[in-house]
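**Q** If you're matching them up, the sequences are chains A and B in order. The numbering of the first sequence is the numbering used here, which starts it at 1 and goes up by one. The numbering of the second sequence is the numbering used here, which starts it at 1 and goes up by one.
Just so you know, the hints here were simulated from the structure itself, not pulled from any lab data. Backbone N, C-alpha and C fix where the C-beta goes; we use that ideal spot for every residue, glycine too. Accuracy of the hints is not assured; some may be wrong.
Here are some chain B residues the structure puts well away from chain A; computed CB gaps all over 10 Å [stated by the list, open to error]:
#, residue
1, Pro44
2, Arg64
3, Glu70
4, Asp142
5, Lys154
6, Val176
7, Ser182
8, Gln187
9, Ser226
10, Asn253
11, Lys267
12, Gly283
13, Val287
Among chain B residues calculated to face chain A with C-beta under 10 Å, some are [claimed, not checked]:
#, residue
14, Ala23
15, Val49
16, His55
17, Gly151
18, Leu221
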Amino acid sequence: MSTIAVEIVSAEEAIWSGSGTMVYAPAEMGEVGIAPQHAPLLTRLKPGEVRVQQENGDEQFFYVSGGLLEIQPHVVTVLSDTALRAADLDEAKAQEAIKQAERDLQEKTSEMELAKAKAELVQAVAQLRAVEKLRKTAR
Amino acid sequence: MAGAKEIRTKIRSIQNTQKITSAMEMVAASKMRRAQERMRAARPYAESVRRVMAHVRLARLEYRHVYSIEREVSSVGYIIISSDRGLCGGLNINLFRSALESISEWDEKGVSTKFGIIGNKGLGFFRRFGGNILCQATHLGDAPQISELIGAIKVMLDAYEEEKIDRLYLVSNSFVNTMTQSPQIEQILPIKGVELEEKLPEYWDYLYEPESHVVVDALMLRYIESIIYQAVVENIACEQSARMVAMKSATDNAGNLIDELQLIYNKARQAAITQEISEIVGGAAAV
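Based on the sequences and whatever the hints tell you, model everything.
**A** Set out below in structure tokens:
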């Protein structure tokens, strides 16, 4: 029986890779079953279960909280999300990041003083150099 | 010459400092190993997303995403990834220096800059000079999760979509080896060509479910997030190895200092004894 390579990865780690005779995944428009030599397809996943039927009859189960599914005739790639994603959830996180920045910004002017920044950097670099020199002479 | 007792106190205080720095060195060494593992663990996802991106770009899609369209530059955005904590040598300073070089280049052309800052040190630095900080993410810890970065990334992407910025750069340290970390500036938006080795047949495209632009939007987002997440994880590995090296040299320096002080102490002790003897001899002679 022919098989198809399966790769299940998340942004933080590789979850599983192997081969199967049949793969089921919770695509956004309904569950899809993928047999070897499937046509190339790209779709979003909704939270659910990915099942891989292996050649020896075993079945592997994985829970995904969403992500993307890519199908090539010889390989299926599940790009799983580790975080729960929804437009409004993302928005809330973005708002939080902005708010934090704004809170800090109130204390300071908004004009970037490049010259001052550079001066401070030059100073810091000089300090580092001095430390290095000291280290060399100590030996 | 200082008294023998003062030198002893000094030696003891340096020994205490040395204990701390050598402990920090060992902690950094073990954290570095874990950070490197995390770096490796994130790679398969990045490669997969990259491959899919390359396929999509090859597929001559009728839909052109806003992220892949070049436009006139009137404002640029930077995502600057720094460490949360100090005591890691020149790591952050070198990074800020290369960022400032790039910023002042744009500044000369009259292009304004906006920042998204990840890490406490960068926040402190750019706040002091009043950079226009759109968003920030700090205190990510040793094992950052992508969910902690989503907010900050989204702010920068939204700014790009609303044409508040016309380019987006990522400034971070790349891990060359334990001894070397080099700052690098990478253009994220507009997305540059993704190279792919294998040859694909022409006029080939995916089936998209639902429409292509929905799927491609989701893919673009994940592509960019994965680049930034990788950079964050890599920066942590850099931070730990830089700290390890810095603390190692601090420990060595403390050792040298102790040796020198020990010599001075011995001399001072000897001088005191000699003086005492000569006083006794002088006294005996006088009697």
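**Q** Hints first: check each against the structure and report whether it holds.
**A** Hint by hint, here is what the structure shows:
1. Pro44: Violated, since 4 Å does not exceed 10 Å.
2. Arg64: 17 Å, holds
3. Glu70: Holds, because the least Cβ-Cβ distance between glutamate 70(B) and chain A comes to about 25 Å, which exceeds 10 Å.
4. Asp142: Label holds. Min Cβ-Cβ 13 Å, cutoff 10 Å.
5. Lys154: It is violated; lysine 154(B) is separated from chain A by about 4 Å at its closest Cβ, not greater than 10 Å.
6. Val176: Non-interface label stands for valine 176(B): nearest chain A Cβ at 18 Å, farther than 10 Å.
7. Ser182: 15 Å, holds
8. Gln187: Holds, since 21 Å exceeds 10 Å.
9. Ser226: Not fine: 6 Å to the nearest Cβ puts serine 226(B) too close to chain A.
10. Asn253: 6 Å, violated
11. Lys267: 19 Å, holds
12. Gly283: At roughly 43 Å from the nearest Cβ of chain A, glycine 283(B) sits farther out than 10 Å, so the non-interface label holds.
13. Val287: Its Cβ never comes within 10 Å of chain A, the nearest being 50 Å, so this holds.
14. Ala23: Where the cut-off is 10 Å and the nearest Cβ of chain A is about 20 Å from alanine 23(B), the hint is violated.
15. Val49: At 6 Å from the nearest chain A Cβ, valine 49(B) passes the 10 Å test, so the hint holds.
16. His55: 8 Å, holds
17. Gly151: For glycine 151(B), the interface hint holds, since the closest Cβ of chain A sits about 3 Å away, which is under 10 Å.
18. Leu221: Leucine 221(B) check passes; min Cβ-Cβ to chain A is 9 Å, inside 10 Å.
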